[in-house]
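Go ahead and model the full structure; you've got the sequences and the hints to work with.
Top to bottom, those sequences are chains C and H.
Just add 264 to the spot in the first sequence (first one is 1) and you have this note's numbering.
Just add 2 to the spot in the second sequence (first one is 1) and you have this note's numbering.
Since no wrong hints were added, every one of them can be taken at face value.
Using C-beta positions, here's what the derived DEER-type ranges look like:
| hint | chain 1 | residue 1 | chain 2 | residue 2 | range |
| --- | --- | --- | --- | --- | --- |
| 1 | C | ALA561 | H | ARG24 | 51 to 61 angstroms |
| 2 | C | ASP324 | H | LEU27 | 32 to 42 angstroms |
| 3 | H | ARG277 | C | LEU439 | 32 to 42 angstroms |
| 4 | C | ARG340 | H | GLY149 | 43 to 53 angstroms |
| 5 | H | ARG277 | C | ALA485 | 33 to 43 angstroms |
Facing chain C, from chain H, some residues (calculated, C-beta under 8 angstroms):
| hint | residue |
| --- | --- |
| 6 | ARG40 |
| 7 | ILE48 |
| 8 | GLY113 |
| 9 | ASP116 |
In silico negatives: residues of chain H with every beta carbon more than 10 angstroms from chain C:
| hint | residue |
| --- | --- |
| 10 | THR56 |
| 11 | ALA57 |
| 12 | VAL64 |
| 13 | LEU65 |
| 14 | SER81 |
| 15 | ALA153 |
| 16 | PRO163 |
| 17 | VAL190 |
| 18 | THR202 |
| 19 | LEU207 |
| 20 | GLN231 |
| 21 | VAL249 |
| 22 | GLY253 |
| 23 | TRP259 |
Worth flagging that the hints you see were computed from the coordinates, not collected in a lab.
Ideal Cβ placement from N, Cα and C applies to all residues, glycine included.
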Amino acid sequence: MAEATPIIRAEGLVKRFGKTEALSGLDLVVEQGTVLGLLGPNGAGKSTLVNILTTLLEPDAGRAEVAGLDVVRQARRLRALIGLSGQYAAVDEHLTARENLEMFGRLYHLPAARARRRADELLEAFDLLDAADRPLRTYSGGMRRRLDLAAGIIIAPPVLFLDEPTTGLDPRSRLAMWDMIRRLVDGGTTLLLTTQYLDEADQLASRIAVIDHGRVIAEGAPDELKARIGGDRLELTVARDGDLAAAVRALQLHSRGDIQVEAERRAVTMPVDNGSGLLVTIVRGLDAAGVPIDDLALRRPTLDEVFLSLTGHAASSELAAPVEWAESTPAEEVA
Amino acid sequence: MIALANTATGRDAAGALEPVVRPRLVSAITDALLVARRQLIHMRRIPMELVGYTAMPVMFVVLFRYVFAGAITVGGGVSYVNFLMAGIFVQSIAFSGPHTGITLAHDLQKGLIDRFRSLPMAPSAVLVGQTLADTFKAAISVVVMVGVGLAVGFRPGANLPEWLAAIGIMLLFTYAMSWLGATIALVVGTPESVDQILMTMLFPLTFASSAFVPVATMPGWLQGFTRHQPVSIVVNAVRALLLGQPVGNAGWQATVWCLAILLVAMPLALRLYHRTTSR
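Structural data, given as structure tokens:
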């Protein structure tokens with residue numbers, strides 16, 4: 265670990281759009297060969313950061329290096345070393361998948377024949393060979409995203425940026441995308457991935473950085489972070505309205521944080537450690553207390569719950585005050 | 003497992019993914035041609051686009067030729083259909099402005115420009131390639147219109163050098179308008195506003211010009227504008243050349259206008275392109 269080399273390094277990045285500050289002094293380091301999940305709500309500054317690191321935007325202050333190259337001064341050389349795949353399928357609608365990949369390959373300045381062969385390889389790897397010669401208009405959203413991802417790795421870039429790669433996809437396409445991304449990562453690519461979903465970051469990333477109001481407010485390995493935000497959530501629905509109080513009494517023992525009660529849904533939510541081990545105990549406890557239940561589930565915290573634990577405000581709340589204390593809790597202390 | 007990434011085995015299996023290093027200018031040209039090629043594939047995939055692009059001017063030829071010709075006398079022994087054709091050509095190629103602008107704004111919105119900008123290609127290639135492709139498309143529509151014109155009685159009196167000069171001015175004007183459209187797209191960003199701005203600009207410029215009626219028939223206060231605005235000057239030059247009449251100052255003035263538009267629009271558009279993102 266001591267030998268780890270940073271391949272992405274951002275220091276004090278600031279970017280303003282008119283009056284809004286998208287990034288306000290963001291620092292970030294990503295080690296070579298790792299996957300960093302950048303987790304944050306809409307408008308937190310995730311895309312702005314990706315745009316700066318991929319040379320699309322210039323920062324107003326601060327500096328950043330990717331693969332040892334300055335993102336502003338050495339932008340053109342850097343572009344030959346990175347791949348980008350975004351929340352839009354940035355491919356040409358009227359071209360076929362093969363034509364798209366060939367065009368992008370040649371714009372990466374691969375020799376024509378090599379660009380053609382590379383297109384074939386990628387079409388096969390991304391399970392698009394059958395549809396390779398159809399214009400993209402006929403493609404599903406998931407197929408377009410797969411093609412977009414394929415276009416991002418044409419030159420097998422040492423550093424890959426994926427900006428919300430599964431936003432808007434149905435669950436099945438999402439799983440297929442995750443599978444593709446995992447295979448890339450197994451190959452040793454350094455990946456910076458932005459997402460609004462904790463489970464996505466959890467599934468794919470070796471480290472997670474939580475970003476809010478243009479700053480990293482927490483960072484660590486997924487387990488560390490989950491420990492800080494109180495592990496998994498246990499959600500319980502009781503069968504009868506009158507049982508809520510009894511249910512809370514039975515659960516109190518096992519919660520490691522505040523228990524939340526939503527009376528109208530007859531639901532109780534609480535953070536738990538070692539959730540799966542607890543389930544049996546909890547069911548027995550409720551049974552002994554004579555509380556019948558409709559539903560019992562263990563799930564990852566939502567982005568809102570993560571933000572609530574880390575910052576005291578919900579992710580979607582624009583009115584919440586900026587977080588000050590986070591600066592004094594660097595992730596390293598958790599590790 | 004298929005090696006997708008930058009591993010030794012992946013490279014061995016797949017063969018090196020090494021870029022060809024070319025001199026900057028060569029690379030700028032080949033990149034621009036790749037972008038232009040993409041636009042020409044579009045032409046094949048969506049033939050309706052070119053049909054739409056050509057149908058309006060063809061309709062104008064027929065309408066003006068048969069609806070207005072009886073009421074309009076242009077004098078100087080020139081028949082109205084001969085007078086009209088240069089106006090229709092120039093009007094239709096002026097629409098390469100919105101054409102380029104709308105296409106570019108769509109690509110911007112879709113994030114495609116972001117991808118192009120993240121590639122190690124020449125920064126000028128997207129704009130140069132697209133404006134060249136759109137100029138080529140406009141040229142095709144002019145060829146179609148010449149055909150339709152000949153069918154409805156257009157009898158150009160130009161010799162070969164005059165034809166070449168007329169074609170040269172039209173291509174230059176198309177290219178200038180195309181860059182103007184690109185610039186506006188990069189400023190306003192959405193296809194709808196590009197369309198609105200350029201239509202609002204082009205309708206007065208093409209109708210309050212010498213394209214469809216002689217300027218002398220307009221009220222005096224309007225003539226000052228009509229005589230000196232670029233569309234009139236380009237129309238006058240093309241018309242004189244096609245009819246084999248003396249061109250006078252219109253020829254060099256039209257060339258200067260086009261070059262001036264390019265001189266402003268090209269650097270501006272390239273600068274804006276360098277800083278633009280879809281979000």
